[in-house]
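Protein chains: 2
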Amino acid sequence: MNGKEGSFGIKISSNNDVEGKLPETRNKFKVWMYKIWEFAKEDTNRVTFSLKVGLAVLLVSLLILLQAPYQVFSTSIIWSILTVAIMFEYTVGATFHKGFNRVLGSLFAGVLAIAVAELALMSGPVAEPIIIGISIFIIGSVTSFMKLWPTFVPYEYGFRVILFTYCLIIVSGYRTGNPIRTSIERLYSIAIGAIIAIAVNTLIFPIWAGEQLHKELVKSFNSVADSLEECVNKYLSNDGSDHSEVTNTLMDEFPDEPQYKKCRSTLNSSAKLESLALSAKWEPPHGRFRHLFYPWSEYVKVGAALRYCAYEVMALHGVLHSEIQAPYNLRSIFKTEISEATHKAAELMRCLGKDIYDMKQTIKSTLVRSVHSSSERLQRAIETHAYLLASSYQIPDHNSSIPLPINGLSKSNQLAEFKKEKEEEGEMNSQRILSVSWESTAALSLATFTSLLIEFVARLDHLVEAVHHLSQMAKFQHESL
Amino acid sequence: MNGKEGSFGIKISSNNDVEGKLPETRNKFKVWMYKIWEFAKEDTNRVTFSLKVGLAVLLVSLLILLQAPYQVFSTSIIWSILTVAIMFEYTVGATFHKGFNRVLGSLFAGVLAIAVAELALMSGPVAEPIIIGISIFIIGSVTSFMKLWPTFVPYEYGFRVILFTYCLIIVSGYRTGNPIRTSIERLYSIAIGAIIAIAVNTLIFPIWAGEQLHKELVKSFNSVADSLEECVNKYLSNDGSDHSEVTNTLMDEFPDEPQYKKCRSTLNSSAKLESLALSAKWEPPHGRFRHLFYPWSEYVKVGAALRYCAYEVMALHGVLHSEIQAPYNLRSIFKTEISEATHKAAELMRCLGKDIYDMKQTIKSTLVRSVHSSSERLQRAIETHAYLLASSYQIPDHNSSIPLPINGLSKSNQLAEFKKEKEEEGEMNSQRILSVSWESTAALSLATFTSLLIEFVARLDHLVEAVHHLSQMAKFQHESL
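Chains as they are written, first to last, in this note's numbering: chain A, 1 to 481; chain B, 1 to 481.
Wrong hints could be hidden among the right ones.
One copy or two, either will do: identical chains are not told apart, so a pair holds if it fits within one copy or between any two.
As the list claims (entries may be wrong) - Below are the SDA-like pairs computed for lysine to any residue, each with C-alpha atoms no more than 25 Å apart in a straight line: (1) K219 with H462; (2) K41 with I138; (3) K272 with F476; (4) K234 with A458; (5) K360 with N268; (6) K262 with P150; (7) K272 with P150; (8) K41 with E156.
Derived by calculation from the structure, the hints in this document are not laboratory data.
Please read all numbers here as calculations on a predicted model, not as lab measurements.
Looking at chain A on its own, in the form it has when it is part of the complex (with noise of 0.2 Å):
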């Protein structure tokens, strides 16, 4: 979003101004006319959305502009205005919840008032403001406390409804004398406006909040997988020479690593995700989403499990960015194992991604098993290389009783290597030499990066058994071979 920054404003540039300053302001409004274009171009459903809610307040004010239903309906229509105003949501399920918690509340809302209004009729004139009053402060108090309550926190609205609907229409029914009518035509200007705003909000290019949560969860499976592949490149061709200076940027903040920010919004996710399923919930089966209760909950299990592996990506990412690195040297002989481990994961992460995007349930066995067994090759690396992790100088005598792996000899011939310019670097610059124990401690930060990165692949079971989960629920099609 490139217009997290951006301010915006209306800026009209006087006659008056000095010339020079003309071209500037003009430059300006273009380049806010360009932001703004972006942004639209970015999800047109947000020019949609704006269209639509246009219409719907155009529609409901023709009420009362047009001569004929105003001489039906009078002034109380605009309330209604009020419902549009405030009902029309996003989604459709967000603005059935809302309209939900409107209705509904108003209803209770009416009945009560209607009731304590008789209830204080009935007690003369001197108890009957008395009762009102009352009355009022216990609504008020009871209905302020039961929102708070953590079970009817998303129908928090619906409380504030209730409060001011009913003292409304019980106030008004005071002055009138008549809280029947007061209520019932309130409550008719309420469905007037819950309607138009459910009408065109369904009808006219719906947005919907199951869709968008099916899109959202499958774009988390993909910002994770990148992620994961930027930071084990990073890694792996991290030469060193950029290390001093990371540590000193402001943490959390690094600009040459987009997809590390789309993971770490992945992990602030789980309140959208909650809200989408919630809205979605209210939507009629619409689209691919034909299931009459479409397990739309399962799709914030997901999300958890998706979670769940986002932080092994952080973690690995510390140790990227942590103080001590192990030797370039050291990693690039892991190098291949690493690589084959992350890309498997990647692209079984992607693939479960792609699954769920088409609706489709695959047989992933085969990239499991292939995931797992890249996943132990890197581990049988790490194991017969151990003696390096542990101290990189001191190359055991006993390293033949280890089992060597099948290509054990390349790895020598690297070790080698790795070692001849180990000894090489530390005769050209001596104050550079670490001791021994630094240098130790510095190669079991590769063992820790393996380590967690053989726990990420550990933690896709569960994502793949979600997955799975989900397919079941949903009914996803399974593709003929």
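Following the hints, position chain B against chain A.
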């Protein structure tokens, strides 16, 4: 929050009920009442807030219920009720923020509506409704588009206010023929509502967003420290007996780790801190926060640095629950150093939290140094015994060439014991003997755990710096020595 899973409702036990059911219902009712009581007791501000809302709506209703003010204000005062119900928020800052949105939005909409209405009036009776209709459509679309712009998202409510106020004024102005009177009436009734809401919210037991933010941040410090200690203690005390069970439980759900949940909620707290900081900026100097421009945004930065540490705790937690585990005996070799580093780090965090709580600047250099030296001791212990981590069976022949730490002797003893135990175990239970290579990877998981812990300590520096910056900006008192 024990009320999280609880349900809530009003249930009136009818007299026609079967005798047997009555005690049960009564019992449930008691359970509810107890839960509500606990919920209220947990944070008495909840009760205060509820009673304040009741009072505010009562006060504004009195303007209509009593004869004298009613004759002054007449029924247009019902807009005040709506304003109070919508504006009254939990904290003072949020109320100010919402009030600002409402008042500024209404003012802007009022001025715009008057201008357009005058223009429409001048263009004759045929063009008037057309101009009004088009203007409503434009205002609806533009405000809806603008509120999607990231910079304006916090002012979402303000745009809604502009929309419906504009529609209400221009439409009812069209019918009464006097848009100026309509808007002025509406504005003063909104002003009355706003004044009552702000007066009640600010003058009677005010709940300050700043105070909440302050407490929330301190609580996060303690959560992360507690969670770190819990995780490490469990890692060191874990004898592996419940390991297979743990991997089968639903990920991310560990009922025996209450602190972990709190730490995880710290990760998701960024939105909460930001919204509290946004509200706090609206608050006048109060209580202990007496500077005019108190640096509330620094709290958000400290929160970010804290989250950066919490990521490491999550990763440590991941190692604790990963499938490949270092044998308990191996872990216990480094128990002293790990415990020491952990407890020092936790102590530093709690100390930072306490300093913020007390608004004091104490000199923490001794503590910071001691944290670092304990972290270095752990690092040295790992370095010295790196060969153990690399391959726990094969003790290389050159271990005499590795510098022994001060307590090297006891380590060697522990080591001999560990080897003996391992051998005994191997004899006793031959099918449980793991392959040499697996064993060495398992041992590397200990290296991962300690590396993460060391990285956690490294990140504490950022946190100390962030807290120091906050102390400077907020002019915390220097503690006299």
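So, going through the hints one by one against the coordinates:
Taking CA atoms no more than 25 Å apart as the test, K219 paired with H462 passes inside one copy only; the shortest distance there is 19 Å, against 32 Å between copies. For the identical chains of this complex, K41 and I138 are inter-copy neighbours only, at 20 Å across copies versus 50 Å inside a copy, given an alpha-carbon limit of 25 Å. Taking CA atoms no more than 25 Å apart as the test, K272 paired with F476 passes inside one copy only; the shortest distance there is 24 Å, against 37 Å between copies. Taking the shortest Cα distances, K234 and A458 sit within 25 Å of each other both inside one copy (22 Å) and across copies (21 Å).
For the homomeric pair K360 and N268, neither the shortest alpha-carbon distance inside one copy (27 Å) nor that between copies (32 Å) is at most 25 Å. For the identical chains of this complex, K262 and P150 are inter-copy neighbours only, at 16 Å across copies versus 30 Å inside a copy, given an alpha-carbon limit of 25 Å. Both within a single protomer and between protomers do K272 and P150 lie at most 25 Å apart by alpha-carbon distance, with minima of 17 Å and 15 Å respectively. With identical chains, the CA atoms of K41 and E156 are at most 25 Å apart between copies only, with a shortest distance of 21 Å across copies and 34 Å within one.
When each numbered hint is compared with the structure, a violation occurs for hint 5 only.
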